[in-house]
Amino acid sequence: MCLAVPAKIIEKNDMMATVDVEGIQRKISLMLLPDAKKGDFVLMHAGFAIQTIDEQEANYTAQLLKEVAQNDNA
Amino acid sequence: MRGINMGKGDITMEDKFITMAHGAGGVKSRELVEEIMVPAFDNEYLRQMHDGAKLPVKNNIAFTTDSYVVKPLFFNGGNIGKLAVCGTVNDLAMTGAVPKYISVGMILEEGFPIKDLRTIVDTMSQAAAEAGIYIVTGDTKVVNKNSGDGIFINTAGVGNLIDGCDIAPRNVKPEMDIIVSGYLGDHAAAIMALRHNLQLPDTLKSDCAPLNKLVYKILQAAPKIAVMRDATRGGAAAVLNEIAAQAGVGIIIDEDKLPVRKEVRGFCDILGFDPIYLANEGKMVIFADKTYSSRILAVMHKDVYGKNACIIGSTNSIAPGEVGLRTAIGGIRIIDMPAGEQIPRIC
Amino acid sequence: MIMPEECKKAAEFFLQNIDRLITKPTRFMEVCGTHTVSIFRSGIRQLLPEKVDLVSGPGCPVCVTPNDYMDTAIAYAKNSNVIITTFGDMLKVPGTSTSLYEARAEGADIRIVYSPLDALQLAINNPAKKIIFLAVGFETTAPLTAATIQTAQKKQINNFFILSAHKWTYTALDALLSDPTIKVDGFLLPGHVCVITGEAPFSFVSERYAKPAVIAGFEALDILRAVYMLALQVQNGQAKIENAYKRVVRTEGNPIAQNAISSVFSNTSANWRGFGGIENSGMTVNAAYAQYDALHSIPVTKENSRENPACRCGDVLKGNINPTQCPLFKKICTPEHPAGACMVSIEGTCHAWYKYGQGRYHYGR
Numbered sequence: 000m001c002l003a004v005p006a007k008i009i010e011k012n013d014m015m016a017t018v019d020v021e022g023i024q025r026k027i028s029l030m031l032l033p034d035a036k037k038g039d040f041v042l043m044h045a046g047f048a049i050q051t052i053d054e055q056e057a058n059y060t061a062q063l064l065k066e067v068a069q070n071d072n073a
Numbered sequence: 000m001r002g003i004n005m006g007k008g009d010i011t012m013e014d015k016f017i018t019m020a021h022g023a024g025g026v027k028s029r030e031l032v033e034e035i036m037v038p039a040f041d042n043e044y045l046r047q048m049h050d051g052a053k054l055p056v057k058n059n060i061a062f063t064t065d066s067y068v069v070k071p072l073f074f075n076g077g078n079i080g081k082l083a084v085c086g087t088v089n090d091l092a093m094t095g096a097v098p099k100y101i102s103v104g105m106i107l108e109e110g111f112p113i114k115d116l117r118t119i120v121d122t123m124s125q126a127a128a129e130a131g132i133y134i135v136t137g138d139t140k141v142v143n144k145n146s147g148d149g150i151f152i153n154t155a156g157v158g159n160l161i162d163g164c165d166i167a168p169r170n171v172k173p174e175m176d177i178i179v180s181g182y183l184g185d186h187a188a189a190i191m192a193l194r195h196n197l198q199l200p201d202t203l204k205s206d207c208a209p210l211n212k213l214v215y216k217i218l219q220a221a222p223k224i225a226v227m228r229d230a231t232r233g234g235a236a237a238v239l240n241e242i243a244a245q246a247g248v249g250i251i252i253d254e255d256k257l258p259v260r261k262e263v264r265g266f267c268d269i270l271g272f273d274p275i276y277l278a279n280e281g282k283m284v285i286f287a288d289k290t291y292s293s294r295i296l297a298v299m300h301k302d303v304y305g306k307n308a309c310i311i312g313s314t315n316s317i318a319p320g321e322v323g324l325r326t327a328i329g330g331i332r333i334i335d336m337p338a339g340e341q342i343p344r345i346c
Numbered sequence: 000m001i002m003p004e005e006c007k008k009a010a011e012f013f014l015q016n017i018d019r020l021i022t023k024p025t026r027f028m029e030v031c032g033t034h035t036v037s038i039f040r041s042g043i044r045q046l047l048p049e050k051v052d053l054v055s056g057p058g059c060p061v062c063v064t065p066n067d068y069m070d071t072a073i074a075y076a077k078n079s080n081v082i083i084t085t086f087g088d089m090l091k092v093p094g095t096s097t098s099l100y101e102a103r104a105e106g107a108d109i110r111i112v113y114s115p116l117d118a119l120q121l122a123i124n125n126p127a128k129k130i131i132f133l134a135v136g137f138e139t140t141a142p143l144t145a146a147t148i149q150t151a152q153k154k155q156i157n158n159f160f161i162l163s164a165h166k167w168t169y170t171a172l173d174a175l176l177s178d179p180t181i182k183v184d185g186f187l188l189p190g191h192v193c194v195i196t197g198e199a200p201f202s203f204v205s206e207r208y209a210k211p212a213v214i215a216g217f218e219a220l221d222i223l224r225a226v227y228m229l230a231l232q233v234q235n236g237q238a239k240i241e242n243a244y245k246r247v248v249r250t251e252g253n254p255i256a257q258n259a260i261s262s263v264f265s266n267t268s269a270n271w272r273g274f275g276g277i278e279n280s281g282m283t284v285n286a287a288y289a290q291y292d293a294l295h296s297i298p299v300t301k302e303n304s305r306e307n308p309a310c311r312c313g314d315v316l317k318g319n320i321n322p323t324q325c326p327l328f329k330k331i332c333t334p335e336h337p338a339g340a341c342m343v344s345i346e347g348t349c350h351a352w353y354k355y356g357q358g359r360y361h362y363g364r
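Residue numbers (numbering that gives the first Met the number 0), protein chains in the order written: chain A, 0 to 73; chain B, 0 to 346; chain C, 0 to 364.
Isolated chain A (complex conformation) (with noise of 0.2 Å):
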């Protein structure tokens, strides 16, 4: 039971964000992120979010994953 999507808040008000999801707007809570700040990428589960997410870490396993894409499979 675990549905959850990145989201950009693109307004803070308090405990109250607004983020986006690839165009769709959502008012979400931030009481189990109160450091969110507007601008960051969250991880958001039915209304709320959960965590930051790690922009480098998120680079990384793109990175990773070009990496492995170009190896040859040899």
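Fair warning: there could be bad hints in the mix.
Said to hold, decoys possible - With a straight-line cut-off of 25 Å between C-alpha atoms, the simulated BS3-like cross-links for lysine-lysine are: (1) K245/C with K36/A; (2) K26/A with K330/C; (3) K37/A with K245/C; (4) K256/B with K204/B; (5) K261/B with K37/A; (6) K70/B with K204/B; (7) K153/C with K36/A.
These aren't lab readings, by the way, just hints derived from the structure by calculation.
Assemble the complex: chain A is given as a structure, and chains B and C must be docked to it using the hints.
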């Protein structure tokens, strides 16, 4: 519209809401028809004001009916009235007919705002004009408060079958191309987002549209297409499964080729939907011999309702009746017939 | 941004290396139901070499929810003063004799919500009604319910209640591993549970049971990469917890969310479909927040619950059998008429097997 006196009086409708009197067949009923319906739908056949419309048709006709219930009644890109006209027009077009005349039956709930009814009727009139069809007969009934959902609409329609076209699932053979006319899932997203406090960008609208003129152009360019069907309830998945079963062919479509807007993908990610199961109201799926594909696409790309058309897959003889989807990583999964309504999930 | 061609190539890399590293029949279990769905939706099972079997564990909260809970929810739904709010997942789950879906058709007021906060808003909008939120889910979802209850208290909303079926995933995993008949060679750990809990609660998998485990994300390539990492551990004879989902899983998890759980809930024995009672595996509203516990505040009489004796959801959840070995599968039990919860939830193994065509699939491996 039986028994309507067409003498133009000075009646002006002052009621703000539908009352039981509007369905009782008396003065109020007449006001409703004369001041709202007739001016909006006006045409020579409706003006006959007979028990039924007397219509000129060629020998072979297509005939269809559909009922429309939707919540919310008004949504980005249309309303229930537009659905009711386009839906029946499209059903006729899919049979290879030129839609001509439709009927409109409305069931109104006591207390329904007259201004909303006017909006719906005006939209129907515009949709009929765009499709080039006539609304030739109709009926309204009123039910008690809480016995309806504001408004239900039924439309039925007839159209002239185009000579030389044979649109039927049995014509579908292995190794044919499968074409969709544009982005999938826009309508469902526009309807369902509001229910879950999701705010869609204004650019994302229901795709509700009459496809008959596009279909006519396609059939002029390629009269021998095997079959086409509009992908409404159950989405493209339902159409693909129906055709696979009826034609006894297998189908493989390519996930990478499915046209889905990023907003609709986002909507699906949030609520756990699959875009291929989402309802459309202005999209069709065409099965045709590969030799016709480029001609069909060329025609479609010039039309506002087909400009994003593309080939999404093909039929085969390997797995009769089965619809498979080749995934982004090269696997295959079965796309089965949708089981009932789409329900959002958190899991 | 990964391009489609890169995606296919990366998948090929992982698949070829998994094939190279695994030399004998090997079973990995994905604990999380969201993994199950992703695996089926991306067609990973067919792409993996035959010697690598992926089995689904007890990680679909709907599937492990026993009839007893559904019957209670349905009994509440029949109270005309109550509005039931639920995630869509629960709507069609069968109880002993009916489901919420059928109860709704019979006139019960049942609303699907996306968030427990939407349920709380409904309570604010309907002060004369009692709003019961069906609080189902694991560690990922429980803190949301907890935060919603705390909000209700702060705003002094007294017509909001929950019926808790929240559970700790790791307790079921522990119960599973303590069963000597279970044959699993490694685990894909539930990424979004670990977002909340961090790595620590799952360390027993490697420490006590010497099994390899990888915390995995939910994209197809996340999963393939995690299986590849498991294969590397198997090849090297290792058994450790690795984190392949670092972009959101921190070692310590989300302490604020952990705190929300411990402030509002206390541990209790809970019933898991297929496993029976597991000590300290459930979360019940604690004394400080008891007024928000539906069972505490709203009396209810429900029917005697029993499970369909022929339904083998339990064995499926333990990974002992696959769905086709259940006598009800596809015969009596279908997504339209599910006999057990594994068929009703889209995350359920049986539903996934049915829907995505395992066993009736002619497109070749």
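Each hint tested on the structure:
1. Between K245/C and K36/A the CA atoms are separated by roughly 20 Å; this keeps the pair inside 25 Å, and the hint holds.
2. Using a Cα cut-off of 25 Å, the hinted pair K26/A and K330/C is violated, with the two alpha carbons roughly 44 Å apart.
3. At roughly 22 Å between alpha-carbon atoms, K37/A and K245/C fall within 25 Å of each other, so this suggested pair holds.
4. Between K256/B and K204/B the alpha-carbon distance is near 22 Å, which keeps this suggested pair within the 25 Å criterion.
5. Proposed proximity of K261/B and K37/A is supported: the alpha carbons are some 22 Å apart, at most 25 Å.
6. Restraint check for K70/B and K204/B: the C-alpha separation of about 15 Å stays at or below 25 Å, so the hint holds.
7. Under the criterion of a C-alpha separation no larger than 25 Å, the hint pairing K153/C with K36/A is consistent with the structure, at around 24 Å.
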